[in-house]
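Got chain A sorted already, so can you dock chain B onto it with the hints?
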Amino acid sequence: MAAIEIRNLTKSFGSLLALRDVDLTVTEGEFLTLVGPNGAGKTTLIRIVATLSRPTSGEVWVDGWNLTDGAAEVRQCIGFISHQPLLYGDLTAEENLRFYSRMYGVPDPANRIEEVLEQVGLLARRRDAVRTFSRGMQQRLSIARAILHRPAVMLLDEPYTGLDQQAAAMLDEVMRAVGTASLTVLMTTHDLHRGLVMSDRVAVLSAGRLVYQALRADLDEASFRQVYREIVAV
Amino acid sequence: MSFLRQIAAIIRKDIIAELRTKEMFSSMFVFALLAVVVFNFAFELRVADAATIAPGVLWVSVTFAGMLGLNRSFVLEKDRGCLDGLLLAPVDRSAIYFGKMLGNFLFITVVEAIILPIFSALFNVNLIQTWILVVLLLGTLGFSGVGTLFSAMAVHTRAREVLLPVLLFPVAVPALIAAVKLTAGLLDGQTVADMANWMQLLVAFDVILIAVSYMTFDYVVED
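Listed in order, the protein sequences are those of chains A and B.
In terms of the numbering used here, the first sequence is residues 26 to 259.
In terms of the numbering used here, the second sequence is residues 330 to 552.
Chain B extracted, bound-state conformation:
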């Protein structure tokens, strides 16, 4: 029970800090919005059916915007030695991982919730469908899961803005491919049952990415 309370304390602390500064949210939202608008203009004249490119554009926008948020996530902890403060707490280090991961997941999801209607309007596709939202959440979960681990790893380096995407994308690619395939299929009118293999792959990669991150976080954050 105290494990959950400690996770909740970390998420609550991150939300209070974010509500005060809006640093993570504003950078992620502005980037995602710009990406969606630029892609919209870039493809408008050449693509007959926007639904063919929409899944790719959506996931490129989400992952690159999410990257900005993940980069900020541990930079805030590094400031004034707060990461040491967290690590000194008498908690299982996995509570710190899950607290930070769920906070990142929440912030990226909020950005997605705002960007999705704008995306749907600009590309004239209906993304507000239950299963597409489930896929979006599952993809974001896996991305946040492994992204939190690599963010904690990259924060100690000087080239963290470059290092994080270099580390993260190759590992997250299977989950992202499954998410793009599922989004495209659902937009084409297929059912989840038709694409059970991709859904299983996405769920399996979420579980693997989060489990491996959970097991290695302790070693990443200690000297």
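The following block holds chain A by itself, in its conformation from the complex:
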């Protein structure tokens, strides 16, 4: 069953076409990585799926809900992580999560907050203001925020941007620990290595068009890099 289904998706900003007739399906439990150069339309696509941006034309379904009629239901079933933490710097880690648990109507929020803070290794820093956290810690807390309401679909928009090697490796560990492997994941990145290692399927977006898709099992990194260079060089 398709967890995310995108049909003929087009998005324009004035005269600029950011996405052109994109068709993409992510099946339940699948990890799909969308790669592409800067300006290819990756963030635009993921922001539309996350209901942060309106499509110019086309249809999007997430977990069976259509974006047009069921935007609130779509938002209930997605967790979103981007290169920004989406957290209030002047609130503590716990206050941030308490705020989001109220917004999502999370049952038994106190226990759930403790549980997710434990999972991302920030329980000891729960009462510290987020602005005192390192970039890596903020991103870990961002994961806690995204999984707080137990979403079925995770949308990751360049989650490694601004992280050093160590923080990026820790992020991988945290993502594994919180069980993203059992969820449906759509990730955008321009890090080909990481995109390939983590995914079940990769797709390439170039100049707003979906130009390539392949199963991870059918690819090795060298051949994928070669294919990517050829596609992007066009």
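Worth double-checking, as some hints may not be accurate.
Which stretches of chain B does chain A cover? Using the computed rule of at least three CB atoms under 8 angstroms from a CB of chain A, they are [said to hold, decoys possible]:
(1) 405–415
(2) 431–441
For lysine to aspartate or glutamate, the following EDC-like pairs were computed, each having C-alpha atoms within a straight-line distance of at most 20 angstroms [to be verified]:
(3) B:Lys407 <-> B:Glu551
(4) B:Lys407 <-> B:Asp523
(5) B:Lys351 <-> A:Asp153
(6) B:Lys407 <-> B:Glu352
(7) B:Lys407 <-> B:Asp547
(8) B:Lys510 <-> B:Glu490
(9) B:Lys407 <-> A:Glu183
(10) B:Lys351 <-> A:Asp115
(11) B:Lys510 <-> B:Asp378
(12) B:Lys351 <-> B:Asp408
(13) B:Lys407 <-> B:Asp552
(14) B:Lys407 <-> A:Asp115
If you're looking for bench data, these hints aren't it; they were derived computationally from the structure.
Note that CB positions come from ideal geometry on N, CA and C, so glycine has one too.
Chain B only, in chain A's frame:
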């Protein structure tokens, strides 16, 4: 019920953040105080009866101070992508609008509550009257209502400090005129019944400004 809980969650979050930083309050309060003091000195030597200029000075101080607060309101949301975090919540977007609007209304009202006795003392006019307070609240409500919408719109632009007043004042002018007229009339000893037309205009503009802001907020905050 969950709609109200979500509005309350946004207001509560804004209050906690403001109590910690006091960014909005301090900028609004200092500006309002300076405006009142400067106007007091500027008019002192020329105006025989301070009550004739007090309503205008009061509303100029309140609206310009409020503008500073409204500008900060969505800048805080823009920081670290928090606005996206709010928009991702499975709530009707109007809950976000009402949460932010009521938070702004509350912060401006607190500044008014502190500045009003100082204003009354400096200008030697009695503004602490029930109906003047009602007018002040109604004027602030309309101003916050449309100001929240334009603040959300301006936050995406680089020239937001300039854009917000340029957008806001022309739209809020009818409500502000009614508020100034009512304040002046009440200071002159007229009753609300004498100025029913102005009161109706103020209430009508509050309703219109908030209703239009509520209906358009969704389109303003999405790309």
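Checked hints:
Using a Cβ-Cβ cut-off of 8 angstroms, 8 residues of the segment 405–415 of chain B lie near chain A, which meets the minimum of three, so the contact claim holds. Counting residues of the segment 431–441 of chain B whose C-beta lies closer than 8 angstroms to any C-beta of chain A gives 0; at least three are required, and the coverage claim is violated. The suggested pairing of Lys407 of chain B with Glu551 of chain B holds, with an alpha-carbon distance near 13 angstroms, which does not exceed 20 angstroms. In summary, the hint linking Lys407 of chain B to Asp523 of chain B is not supported, as the alpha carbons are separated by about 46 angstroms, beyond the 20 angstroms threshold.
A threshold of 20 angstroms between alpha carbons decides the hint, and for Lys351 of chain B with Asp153 of chain A the separation of about 18 angstroms falls inside it, so the pair holds. Taking the CA atoms of Lys407 of chain B and Glu352 of chain B, the gap is about 15 angstroms. The hint holds against a cut of 20 angstroms. For the given pair, Lys407 of chain B sits about 16 angstroms from Asp547 of chain B by alpha-carbon distance, which is consistent with the 20 angstroms threshold. For a cut-off of 20 angstroms, the pair hint linking Lys510 of chain B to Glu490 of chain B is broken: about 28 angstroms separates their Cα positions.
Distance hint between Lys407 of chain B and Glu183 of chain A is fulfilled; the C-alpha atoms sit about 18 angstroms from each other, no more than 20 angstroms. Annotation: proposed proximity of Lys351 of chain B to Asp115 of chain A holds, straight-line Cα distance about 11 angstroms (limit 20 angstroms). Restraint check: the Cα-Cα separation between Lys510 of chain B and Asp378 of chain B comes to about 17 angstroms, which is no more than 20 angstroms; the hinted pair holds. Taking the CA atoms of Lys351 of chain B and Asp408 of chain B, the gap is about 16 angstroms. The hint holds against a cut of 20 angstroms.
Of the pairs offered as hints, the one joining Lys407 of chain B and Asp552 of chain B holds, with about 14 angstroms between alpha carbons and a cut-off of 20 angstroms not exceeded. Under the criterion of a C-alpha separation no larger than 20 angstroms, the hint pairing Lys407 of chain B with Asp115 of chain A is consistent with the structure, at around 13 angstroms.
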